[in-house]
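Going down the list, the sequences are from chains A and B. By the working numbering, the letter at position 123 of the first sequence is numbered 123, and the numbering carries on one by one without gaps. By the working numbering, the letter at position 375 of the second sequence is numbered 375, and the numbering carries on one by one without gaps.
If you are wondering where the hints come from, they were derived from the structure by calculation, not from laboratory data. From a predicted model like this one, the values you see are computed outputs, not experimental measurements. Incorrect hints may have been included.
Derived list of chain A stretches under chain B, where covered just means 3 residues or more per stretch with a C-beta under 8 Å from a C-beta of chain B [claimed, not checked]:
#, segment
1, 186-198
2, 330-343
3, 440-453
Facing chain A, a subset of chain B residues (Cβ under 8 Å, in silico) [to be verified]:
#, residue
4, L179
5, S256
6, V337
7, S357
8, D363
9, A398
Ideal Cβ positions, reconstructed from N, Cα and C, are used throughout, including at glycine.
2 protein chains.
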Amino acid sequence: MSIISRRVYRRHELRRLLEPQTLALIGASQTPGALGTRTLANMSTFPGILYPVNARHVQLGGRLCYASVADLPEAPDCVVIAVPRDAVLRIVQDCASRGAGAVIIFASGYAETEGAQAAADQTALRDIGRACGMLIVGPNCVGVANRPHGLHAAFAEFSPSPAVGARIGLVSQSGALGLGLSQAAEHGTAISHILTCGNSCDVDVADYVSFLADDPGCDVIALVFEGLEDSGRLVEAAAIARAAGKRIVACKLGDSTAGSAAARFHTGTATDGPGGYAALFRAAGIISVTRIEALLDTAAFFAKAPPASAPGVAIVSGSGGTAILATDAAARHGVPVPQPGEATAALLRVAIPAFGSPRNPCDATAQATRDPDSLRRCADALLADPQYGALVIPWGRAQPLALLTLLDELAQRHGKPVCLGWMSQRLEGSGAAEVEAHAHLALFRSLDACFDAISQWHGLASAMKPA
Amino acid sequence: MSIISRRVYRRHELRRLLEPQTLALIGASQTPGALGTRTLANMSTFPGILYPVNARHVQLGGRLCYASVADLPEAPDCVVIAVPRDAVLRIVQDCASRGAGAVIIFASGYAETEGAQAAADQTALRDIGRACGMLIVGPNCVGVANRPHGLHAAFAEFSPSPAVGARIGLVSQSGALGLGLSQAAEHGTAISHILTCGNSCDVDVADYVSFLADDPGCDVIALVFEGLEDSGRLVEAAAIARAAGKRIVACKLGDSTAGSAAARFHTGTATDGPGGYAALFRAAGIISVTRIEALLDTAAFFAKAPPASAPGVAIVSGSGGTAILATDAAARHGVPVPQPGEATAALLRVAIPAFGSPRNPCDATAQATRDPDSLRRCADALLADPQYGALVIPWGRAQPLALLTLLDELAQRHGKPVCLGWMSQRLEGSGAAEVEAHAHLALFRSLDACFDAISQWHGLASAMKPA
Chain A
1 MSIISRRVYR RHELRRLLEP QTLALIGASQ TPGALGTRTL ANMSTFPGIL
51 YPVNARHVQL GGRLCYASVA DLPEAPDCVV IAVPRDAVLR IVQDCASRGA
101 GAVIIFASGY AETEGAQAAA DQTALRDIGR ACGMLIVGPN CVGVANRPHG
151 LHAAFAEFSP SPAVGARIGL VSQSGALGLG LSQAAEHGTA ISHILTCGNS
201 CDVDVADYVS FLADDPGCDV IALVFEGLED SGRLVEAAAI ARAAGKRIVA
251 CKLGDSTAGS AAARFHTGTA TDGPGGYAAL FRAAGIISVT RIEALLDTAA
301 FFAKAPPASA PGVAIVSGSG GTAILATDAA ARHGVPVPQP GEATAALLRV
351 AIPAFGSPRN PCDATAQATR DPDSLRRCAD ALLADPQYGA LVIPWGRAQP
401 LALLTLLDEL AQRHGKPVCL GWMSQRLEGS GAAEVEAHAH LALFRSLDAC
451 FDAISQWHGL ASAMKPA
Chain B
1 MSIISRRVYR RHELRRLLEP QTLALIGASQ TPGALGTRTL ANMSTFPGIL
51 YPVNARHVQL GGRLCYASVA DLPEAPDCVV IAVPRDAVLR IVQDCASRGA
101 GAVIIFASGY AETEGAQAAA DQTALRDIGR ACGMLIVGPN CVGVANRPHG
151 LHAAFAEFSP SPAVGARIGL VSQSGALGLG LSQAAEHGTA ISHILTCGNS
201 CDVDVADYVS FLADDPGCDV IALVFEGLED SGRLVEAAAI ARAAGKRIVA
251 CKLGDSTAGS AAARFHTGTA TDGPGGYAAL FRAAGIISVT RIEALLDTAA
301 FFAKAPPASA PGVAIVSGSG GTAILATDAA ARHGVPVPQP GEATAALLRV
351 AIPAFGSPRN PCDATAQATR DPDSLRRCAD ALLADPQYGA LVIPWGRAQP
401 LALLTLLDEL AQRHGKPVCL GWMSQRLEGS GAAEVEAHAH LALFRSLDAC
451 FDAISQWHGL ASAMKPA
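Can you build the whole structure from these sequences, using the hints too?
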């Protein structure tokens, strides 16, 4: 496919796609399990006008059904095309003629397939859109959801999001990964948007990042992608996000030679090969995670953390074993864990039993898990010490945590994040969702993910310092 | 503390401790929340004779209560000491005099504390035991559980274990980590034993490994520890496990300089410093995980996997994105992902849609997730190919999995493990526990953990080959 460079789409250019007033669904159906049936059901929360389109029905789901796009009483903002591949090209042409703002194409069998014809068919779709300014999402995608707008234009069932916690705008080239990640909502992670683009013949992940950067409905952007036709647009989008004070946390797929080859067969994407994006991420201030399971915890941390005020990290725990694990993880990621000064140590000494350790890591002993005041006093002393920019508390056991409000208040008062390292293998156990719901507490189910995030947070702080 | 070397305890030497017929609890109580109350409640499943000991009660929980160990009608096999530190030494002496087989000491304030007296007090406890052959667990520990035996001699509440799946015997020096890990039972991981030892003044993790190696009640041993007085005993225990055909998967704490220092203040343990155990693990055939969150998934894999028959791994997925992630993870861990031969590729081609990839990784497309027969045929073709020793299936979404029985049968028939990489962030979602329950399917919530395990599995296969 030839590379035709353009600027990244800005939020106002994407509003007919992502904040439509009118939505049409081609291939709307009531056949159980059909793509058009599932998509129609997902659209039930849409607050604007919805037009089902299917020549075989007069009415669907209580709504008047239209025979074709041409028959719609107005030009639709966004058209979702849930029909087999063979019918797609003609429908896209019809949408362009009717003045649609955007189309979303689910069908597969384009640039991700072997053969010149498949790639040419994808280019043909894009050219129709380009000629009239109609946005195209896909082909080979599962759709989009913009929760604050009530939009769920996808055949995939995205889980409803909790109302509290850092609101993560999720951008995923892969629909399946977007779907799998979005299921974090079911254990308490707040996910405001799920934006997928599959083969990205027109709208790509950089455009979505640009949209979310200026959208007040999310606090941070989590990005999963294989590659970009023009990586310069991601740099542009990152600049928009930086200007808006919003962080981007990215997981780049296809970062190995074999993985890169696999990506060509997935979405027809050239991935720039191993390590190609590392320099771009650094330059653009994009946080990067290697392990996708760390993506959402890391994104929520960056939504909650103020800028780092000091490179040192304090660790306090009710268990010596978890304190050691945290110290090891800090060392693996080059995060300093300095010893407290004498004043801080004196405060710790009176807060914990004699058999605890008034050091860093501070083993407050199991007493701290039973006596919230002991842990609160330790946390207060460590957060007040200017050599510490953050506090990490490895938490051994899934249980309701009475002291979360106290910790959240301390984090806010000291202007420093408090990270709870969830050590229990009851991964969605009691207490976890409550941590996520607090504005100044970050939850990490891996201490390595926690200190990797802190290490990059420090890196950002250094990069932002005036020269 | 001086090092007095001894052989590792064998299973028959540890039976009065871990398979007692009679159990006494010093400090038994009915005060809500008290250590002795919680421990007594945990002992309710004990099938042998239980003697509560507390001079202030005549009867506790429907059982006759004794004033002291000396008053017991017989020499107890195992005595749990749930009293404050000051009373411990005298009681341990009484237990020795009464002919107890073993004591478990919860109290803290020994070698993990600064000062020579605390360390000397711990040595005094050990010396009492050594003089009469009475085993000592602790001090500074939370106790032990041996589920097949109905023993729960701990103040910590360990979650009940499901009845199916690979039975993991968990050995943890740290009580809090043992407790946190054991909570995996609540989402479907089968945990047969939880054996903690805290300061390990006598019985240590090597002894527990030796016990579990010869205990038919567990299939694999998961080990968490900071250090050992005599690491040679771990080598001995590993040899016993190898002879029994049982794998050990270890997570070593204190593997950084700062973490090692912290360990001295936790259980008074010298950890051998950074990297000190890597060579020992290799030599002893012990599998090692750096990230504790990978411990139990890895242990279950090794319980289920037959010896590796080939170094290549096949990947099949219903989603191209997850297939790429798996390929990247394989590359990070040096696991080869060779392309299928022509015969295998021909079988794949007819099993998947034209827009899928009949390669390795095999993108069977979303159709495979809706059509179990498509995925079954792919899996069968790949498992039959002699260049593949295992099959990895990244699974995108938490949902009931209709094809698990089919996959389990294929894995068994081909004598190769099938690993499901759980890509959903619904970490305990629908389908996960069902995977764990199957005898030939391994669940990994991290693709890195999956390929790290496979890489070490290959290493074991090479090491076991005749020269």
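Checked hints:
Chain B is given as covering the segment 186-198 of chain A, and this holds because 3 residues of the stretch bring a CB closer than 8 Å to a CB of that chain, at least three being needed. Note: the segment 330-343 of chain A has 4 residues with beta-carbon separation from chain B under 8 Å; the three-residue rule is met and the coverage holds. Residue count for the segment 440-453 of chain A with a Cβ under 8 Å from a Cβ of chain B: 4. That meets the three needed, and the coverage hint holds. Taken as an interface hint, L179(B) checks out: its beta carbon lies about 6 Å from the nearest beta carbon of chain A, inside 8 Å.
Nearest Cβ of chain A to the Cβ of S256(B): about 3 Å, under the 8 Å cut. The hint holds. Interface hint status for V337(B): upheld, as the beta-carbon distance to the closest one in chain A is roughly 5 Å, under 8 Å. Contact between S357(B) and chain A, as hinted, is supported at the beta carbon level, the nearest pair being about 4 Å apart and thus within 8 Å. Evaluation of the D363(B) hint against chain A yields a held restraint, the C-beta minimum of about 6 Å falling below 8 Å.
Interface hint at A398(B): satisfied, since its Cβ lies 5 Å from the closest Cβ of chain A, which is below the 8 Å cut-off.
In summary, the structure agrees with every hint in the numbered list given earlier.
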